[in-house]
Structures are given as C-alpha cells and as structure tokens.
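*Asks:* Residues per chain, in single letters:
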Amino acid sequence: MSIDPIERHLFLEGIFLRFGHDFRLYAEASLNRRLNSLLTRFQTDSLLKLLQRILETPALFRDVLPFLTINTSEFFRDPTFFRALRENVVPVLKTYSKFTIWVAGCSTGEEVLSLAILLKEENLLKRAIIHATDINAQAIKRASEGIYELSTMQTYNRNYTSAGGTKNPSDYYTAEYGLARFDPALLENVVFSEHNLATDAAFVEAHLILCRNVLIYFNRDLQDRVFDLFTSSLAYKGFLGIGSKESMRFSPSATHYETIDQDLKIYALRSDSATVRNQINRGVQP
Amino acid sequence: MSIRLIAIGTSAGGVTAIQRLMALLPKDFRIPLVVVQHLPSNPGINLSLVFGSAMHFPVFEAVDKLAIEAGTVYFAPPGYHLLVEKDQTFSLSQDEPVHFSRPSIDVFFEAAANAYGTHLCGVLLTGANADGAEGLRLIAQQGGVTLVQDPLDAEVNAMPRAALALFQPHFVGSLTQIAHKLTELARGSDVC
Numbered sequence: 001m002s003i004d005p006i007e008r009h010l011f012l013e014g015i016f017l018r019f020g021h022d023f024r025l026y027a028e029a030s031l032n033r034r035l036n037s038l039l040t041r042f043q044t045d046s047l048l049k050l051l052q053r054i055l056e057t058p059a060l061f062r063d064v065l066p067f068l069t070i071n072t073s074e075f076f077r078d079p080t081f082f083r084a085l086r087e088n089v090v091p092v093l094k095t096y097s098k099f100t101i102w103v104a105g106c107s108t109g110e111e112v113l114s115l116a117i118l119l120k121e122e123n124l125l126k127r128a129i130i131h132a133t134d135i136n137a138q139a140i141k142r143a144s145e146g147i148y149e150l151s152t153m154q155t156y157n158r159n160y161t162s163a164g165g166t167k168n169p170s171d172y173y174t175a176e177y178g179l180a181r182f183d184p185a186l187l188e189n190v191v192f193s194e195h196n197l198a199t200d201a202a203f204v205e206a207h208l209i210l211c212r213n214v215l216i217y218f219n220r221d222l223q224d225r226v227f228d229l230f231t232s233s234l235a236y237k238g239f240l241g242i243g244s245k246e247s248m249r250f251s252p253s254a255t256h257y258e259t260i261d262q263d264l265k266i267y268a269l270r271s272d273s274a275t276v277r278n279q280i281n282r283g284v285q286p
Numbered sequence: 001m002s003i004r005l006i007a008i009g010t011s012a013g014g015v016t017a018i019q020r021l022m023a024l025l026p027k028d029f030r031i032p033l034v035v036v037q038h039l040p041s042n043p044g045i046n047l048s049l050v051f052g053s054a055m056h057f058p059v060f061e062a063v064d065k066l067a068i069e070a071g072t073v074y075f076a077p078p079g080y081h082l083l084v085e086k087d088q089t090f091s092l093s094q095d096e097p098v099h100f101s102r103p104s105i106d107v108f109f110e111a112a113a114n115a116y117g118t119h120l121c122g123v124l125l126t127g128a129n130a131d132g133a134e135g136l137r138l139i140a141q142q143g144g145v146t147l148v149q150d151p152l153d154a155e156v157n158a159m160p161r162a163a164l165a166l167f168q169p170h171f172v173g174s175l176t177q178i179a180h181k182l183t184e185l186a187r188g189s190d191v192c
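Those protein sequence lines, which keep their order, are chains X and B.
Under the numbering used here, the final residue of the first sequence carries the number 286; numbering is consecutive throughout.
Under the numbering used here, the final residue of the second sequence carries the number 192; numbering is consecutive throughout.
Just so you know, not all the hints are guaranteed correct.
As the list claims (entries may be wrong) - So the derived label-pair ranges between C-beta atoms look like this:
#, chain 1, residue 1, chain 2, residue 2, range
1, X, A59, B, E96, 21 to 31 Å
2, X, R86, B, P26, 26 to 36 Å
3, B, A67, X, I6, 23 to 33 Å
Hints were generated in silico from the structure; no laboratory data involved.
Ideal placement from N, C-alpha and C gives every residue a C-beta, glycine not left out.
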C-alpha cells in the first residue's frame, strides 16, 4: 500500500504539534514502510483516521512511537569500529583527567555498554561521563537496566573478540533465568536522558560523540541540522563516529572535520573550527 | 516510456548471473542498475569490490544519500535495507529483516516503485527464496516494466518461480534474452 503524501504530511504535523516528536524531516522511503506497519497494527487504511484516534486518546501514542523510531542495535556493532576507537581515540582520551562522551540515539543501550566495556579495559571508565540519549523513553528505560535476552549474547560474544576485547566476554554479565544482567558498575557514570535530535539543542561539551546508524533515518536537511548540533557540542578537537554506511561528505559540515578513519567513519573537529562553533551557537549560518 | 532505473534482485546463484548479465550489456549502456543480492551472513563482503574489476561499468556500494548516476552499477550494502528516495538518492535502514533477508529485495523494489513509477524496470533472477516476488508485482502495479529469469535458465529457481506464481510479468526469459530486453529499453524502444 502506498502512503498518501498529503495524509502523511498532516499526520506527521499533527504528531509534532500534539506530542513534540518531529518526524517531518525523516527519510521518506523507510518512514513510509514504518507508517504502513503502523496502519496494519491499528487496522486502518488512513493516517488521518489514525491521527484522529490518537488525538482523542493520547495514551495511544505510547504504542505508536515504537513504530516511528528504530531500535535495532547490537553489541560491538561493526567490531572493527571499536578497534579503531582503541587505536585512534583512546590514546587522546588518556591525556584527559576527565572527559565526556555523548552516545546520541542510544536505543536499548548496546552501544553504551560496548563503549563502557572498552573504556573499562583501557582503565578509562572512571574518568568518563557518558551521556546516553534517545528519542524513545521506553528504549532508554531498557538501556538503563542493562538486562538482555540471553539469546542476544551470541552476537555479543562473537563481536566482543572481533572488536579487540582481551578478556572473557562473559566476565561482564551474569546469566540467570534466560537473561544476561550486565555489571551495574559499567553504567555507573552513564546519564540516560530523552533527547530529540530533530528539535532539541546542544546540552554538553563532548570529547567524543557516537551516533551510528541514526542519521540514515533522516533526510539531508535534518542530517545537516544534526551535524551542526554535533559541531557545536564537540570540545576542541573532539571526535565524532557515525555509521559505516553513513556519510558526512554530502553535508556542508564536512569542512569542519578532518577524517581519522575513512572506512569506519571516525572524524575529528578541526582545531580551527572554534569560530564556526561559536557562530552556530549564536544562530549565525557559517 | 523511458526507463530511468533498473532494479535487479537475486540470491543464490546471483554472483555468476550478475557477472554474465553485465557482460552481455553494451559498453554504452547508460541506465543506472541497482543490484540487491542476498549473501550468506558475512557482514564483511563489499560486492562492489568483488565485481569492480570484472565490469565495464563503474561499480559502487550504495551508501546513504548517494545520488544515482547514469552508466553506473550500485550494490546494496550487506546488513542494511536499501531504499531510494524521490530525489533519486539512496537511503538505508536497519529495520527488521524481510524474508530473513537484509537487504531485502521486496524492500528495495517497493521503494523504487514508489520513487520511479513507470520509469522503473524490475528484474528478478536466480535465487532460493520468495523475496522480491511481491516487490516485483508492486513495480508492475505502479506501471513499471518487470522481467523474470526463466526458472529453467536459473541456477536456483525458487525466486523466479515465486514471482510467476504471484503474477504475470511482462517478460520471462534467459539471461541472454533479459540482456537484450534491457538493451532495447535503453534504446527507448517499447519492449512490452
């Protein structure tokens, strides 16, 4: 079934006005697929009728939101990315007595835990404050619990070693009743909060921002906005890691960064970009 | 009717089939081709590198927001659904696998049908499951041209058979005949 563009426009506008969640600048093709699933789930063929129901019964939105966001995640996803972090970013982080990391779009927390394990093995975890944010409150709640189905641990075990892990992967969790419970100490310095990349402002000065496989769901205008947000959130020479099939080269922000790893998409804010950051913070187009 | 994109789906037997098909196309073939090929779950394989040296067209992996250009072959990156937007750029998603596949041929065909309508040609080749059949039917419903490899010509016939069980495509034939059809399409002649 193809989505009617006018109904789609009105639906997304209505959701934004009523709930503040802004999907208006999401990449159309994949959002259309999710809107189709949403229509099937609510047994209707019209986004307008569905919007009306949601506006009459706002509690329904809790069941709608998971259809609009994507919560696919994986422990040590693209394991070589974590090797590259160890090689190129960790040595710089080691020069700071305290540092801040922002995991933007943390979903159900797999990326945060992977990062925390890496930092612990590099003796850096106690120096780090990690801000983990997502648009989806339910996902954040799950992320903060650090408990996963034991069946997902297969990927974790396999990826942990490929990612350069040196210990036994099961050192970090205890298995009970079909669940894997990660050591709560790993999440001690993690601050979980709701943050919407489409509408919310910078809130942190980070030495490293990870935002992998989030930008693919955004159209170019929204990608540009998010890159601006990252540029204004990064500390001097801060690092940015995005998904391996995502690219900054189609965005004007590319000029503010130097490439650290072309294949694994690790960038660093250029040392001369402080002026740009101030301009963005003042709302001036660079 | 002018075709602006050729969308090709295949799984088992696909690497050989794609190589043969490409070799049969004339060097001045200008319509961009997008290949969605299932692979065994090895996330490391970049098909554009596998094929790159074997083809007389520029070959790229389709990354997010890349603009589709004439005379070029694109491969879906492993582990992602590939989609295409109305402005003729690629987009990706990591939504749940479809037919146990990511990339899924159905997902790409559907997005391409929505974006290109009558200017799309969908091709379904050798393969071991039913992914792509429903998407190919959507291409036909949106006015696009649909070609299916003859199950007798296919190394693995489940994928073409699934399409033929679902609807009657515009053309069913061998790889050689499909290459001829594509060449005719590129010359702007009406093949159907």
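*Asks:* Next, verify each hint and record whether it holds.
*Replies:* So, going through the hints one by one against the coordinates:
| no. | hint | result |
| --- | --- | --- |
| 1 | X:A59 to B:E96: 21 to 31 Å | holds, 26 Å |
| 2 | X:R86 to B:P26: 26 to 36 Å | violated, 49 Å |
| 3 | B:A67 to X:I6: 23 to 33 Å | holds, 27 Å |
In summary, the one numbered hint that this structure violates is 2.
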